[in-house]
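Novice: Chains A and B supply the protein sequences, listed in that same order.
Just so we're aligned: the first sequence equals residues 1 to 66 in my numbering.
Just so we're aligned: the second sequence equals residues 67 to 338 in my numbering.
Keep in mind the hints are simulated off the structure, nothing from the lab.
Treat the numbers as computed from the prediction; the structure is a model and nothing was measured.
Cβ atoms here follow ideal geometry from the backbone N, Cα and C, with glycine treated the same way.
Among the hints, a few may not be true.
To be verified - Pairwise CB distance ranges (calculated): (1) 308/B with 10/A: 28 to 34 Å; (2) 220/B with 65/A: 21 to 27 Å; (3) 267/B with 26/A: 39 to 45 Å; (4) 212/B with 24/A: 44 to 50 Å.
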Amino acid sequence: MKREILDVLDKTVNEDNVIIEKGNPNQKVLTFDGEELTLEEFGGIQKGSEVFIKNDLISLMRLSKK
Amino acid sequence: MVTWFERLKAHLRIDKVELNLVKINITSSNCYNRTNIAASNKESYLIDKGEGDFNLLWDKIPPDKKPEIKQIVQSYISEEGNKLLMGETSELLDNLYQYNQNNINDKQVLNFFKNNIPFNDLEALESALFLRFKFRKGEDIKKLKADIRSRFGDRGNNICNLCTAGYFEEFLIPLYNSSRESFDQLYELIITNFLLAIFVHQGMEQDEVKTEIDRKIKASKKYGIKFVHIHGIGERNINKIRECVTDNESPEYLVKEIFKKDNILIIELLLK
Numbered sequence: 001m002k003r004e005i006l007d008v009l010d011k012t013v014n015e016d017n018v019i020i021e022k023g024n025p026n027q028k029v030l031t032f033d034g035e036e037l038t039l040e041e042f043g044g045i046q047k048g049s050e051v052f053i054k055n056d057l058i059s060l061m062r063l064s065k066k
Numbered sequence: 067m068v069t070w071f072e073r074l075k076a077h078l079r080i081d082k083v084e085l086n087l088v089k090i091n092i093t094s095s096n097c098y099n100r101t102n103i104a105a106s107n108k109e110s111y112l113i114d115k116g117e118g119d120f121n122l123l124w125d126k127i128p129p130d131k132k133p134e135i136k137q138i139v140q141s142y143i144s145e146e147g148n149k150l151l152m153g154e155t156s157e158l159l160d161n162l163y164q165y166n167q168n169n170i171n172d173k174q175v176l177n178f179f180k181n182n183i184p185f186n187d188l189e190a191l192e193s194a195l196f197l198r199f200k201f202r203k204g205e206d207i208k209k210l211k212a213d214i215r216s217r218f219g220d221r222g223n224n225i226c227n228l229c230t231a232g233y234f235e236e237f238l239i240p241l242y243n244s245s246r247e248s249f250d251q252l253y254e255l256i257i258t259n260f261l262l263a264i265f266v267h268q269g270m271e272q273d274e275v276k277t278e279i280d281r282k283i284k285a286s287k288k289y290g291i292k293f294v295h296i297h298g299i300g301e302r303n304i305n306k307i308r309e310c311v312t313d314n315e316s317p318e319y320l321v322k323e324i325f326k327k328d329n330i331l332i333i334e335l336l337l338k
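Please model the complete structure; the sequences and the hints are all you need to start from.
Specialist: Okay, here's the thing in structure tokens:
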């Protein structure tokens, strides 16, 4: 299902499973902390120039306090 | 102005949705047990009246309708405050919102250490307190623990173990209150697993447990700490501990079992 969601957002993954822009494979998406994100780590997305959300406890703890 | 949800309903030809919606999910038809959910005629969506969920079945949407729905979803995300989250992420985030609102005691512990420990340790402690909250409810904490370890390494793992065992409240806070100097001297040694407690885990062999006990006893004596605690969860770890620490008198310590319940054992070695 994650791949379908990424498709909705016009994103895909490269050979390293890192999420990238469909229209620009060199452009990797970034989290709040400026990190790249793999398909496994993908938790969601939020407005703010499309900030991607990592699904680990620490990222979500930070998000829950915003 | 037409909202994104009105556009979605129009596109799927849903005349009315008779429920107070809580959540809209994008999912697939094989995620559902149909017996308790009302299905639409065309089955490109399912409404769960019990939960208040509107479930968009991505695999059931005709290909020619998908581009428009993609635009609607993107329009939803472009609105301030809106998020699109995977199910497990959404669930954990909801848990965190509730936890942050309701757990006053844990907040107080965190506030106590706010200006007294490094920022990364404070973040690790914050996550460790939530992990402890889940652990005490009997929930699976494996991924949470792995997340803490992944972000903060061995140090985060130690903080997690110490937090779950209550050392922050029962040792470190009293230590700070009794002597700031002692706290500053000992904190780093405790957090880097040099002092205080041994957390026996599956990966530890018998010999390693014995070596750790000797090492901690030596370190504790050097820094004037009168005890070493040994923690084990699960039958195998408990047996390892019992084989290392006998009830016979040791010249170095007295053995006291301070907690034994539900496959958790804590032994105190009271140093002579």
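Novice: The hint says 21 to 27 Å between residue 220/B and residue 65/A; measuring C-beta to C-beta, is that right?
Specialist: 26 Å, holds
Novice: Do the Cβ positions of residue 267/B and residue 26/A conform to the proposed distance bound of 39 to 45 Å?
Specialist: Between residue 267/B and residue 26/A, where Cβ atoms are some 42 Å apart, the hint holds.
Novice: Using the beta carbons of residue 212/B and residue 24/A, state whether their distance is inside 44 to 50 Å or not.
Specialist: The hinted range 44 to 50 Å is violated for residue 212/B and residue 24/A, with Cβ atoms some 32 Å apart.
Novice: Do the beta carbons of residue 308/B and residue 10/A sit within 28 to 34 Å of each other?
Specialist: 59 Å, violated
Violated hints, in rising order: 1, 4; the structure is consistent with all others.
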